[in-house]
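Colleague: Sequence:
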Amino acid sequence: ALWPLLQKSAAPKLVNISSIASSITLLNGHMGAYGPSKAALNWLTRSIHLQHEQLIAFAVHPGLVQTDMGAYAAKRIGLDWDKMETVEGSVGGILDVIDNATREKTSGKLVSYKGGEEMPW
Numbered sequence: 014a015l016w017p018l019l020q021k022s023a024a025p026k027l028v029n030i031s032s033i034a035s036s037i038t039l040l041n042g043h044m045g046a047y048g049p050s051k052a053a054l055n056w057l058t059r060s061i062h063l064q065h066e067q068l069i070a071f072a073v074h075p076g077l078v079q080t081d082m083g084a085y086a087a088k089r090i091g092l093d094w095d096k097m098e099t100v101e102g103s104v105g106g107i108l109d110v111i112d113n114a115t116r117e118k119t120s121g122k123l124v125s126y127k128g129g130e131e132m133p134w
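So the working numbering is basically just the index in the sequence shown, starting at one, shifted up by 13.
If you are wondering where the hints come from, they were derived from the structure by calculation, not from laboratory data. Do not rely on the hints blindly, as some may be mistaken.
[Stated by the list, open to error] Restricting the straight-line Cα-Cα distance to at most 20 Å, the calculated cross-link-like pairs of lysine-lysine (PhoX-like) are:
#, residue 1, residue 2
1, K26, K127
2, K127, K96
3, K26, K122
4, K118, K26
Treat the numbers as computed from the prediction; the structure is a model and nothing was measured.
Model the full structure from these sequences, guided by the hints.
Modeller: Next up, the structure:
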């Protein structure tokens, strides 16, 4: 259902919400099934990027956000609520990354919501 809509777009972008928890490079063992499932999403995103030259496809890490899930993760790593990203800050950053994403700079990568910098995975 999504592919026909992307094909009609003048500048198609596929954005997957991933996580730094997907990083094999930064693996710390605290994420259970969450990290591996996000790593699989990153792999799929990269595969889609390679298969479709007209598409900008990337995964974005939204930060550790002030949500119920974020609070659970923060508690496990000892991070205070006020040190976490607000929902508004995360969404604003993600929208900026989407607006500025290019095939050369962003596509096929896991990037941060803060400026779109590539993250290890």
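Colleague: The structure should be examined with respect to each hint, and the outcome stated for every one.
Modeller: Each hint, compared with the structure:
{"no.": "1", "hint": "K26 x K127", "verdict": "holds, 18 Å"}
{"no.": "2", "hint": "K127 x K96", "verdict": "holds, 15 Å"}
{"no.": "3", "hint": "K26 x K122", "verdict": "holds, 13 Å"}
{"no.": "4", "hint": "K118 x K26", "verdict": "holds, 13 Å"}
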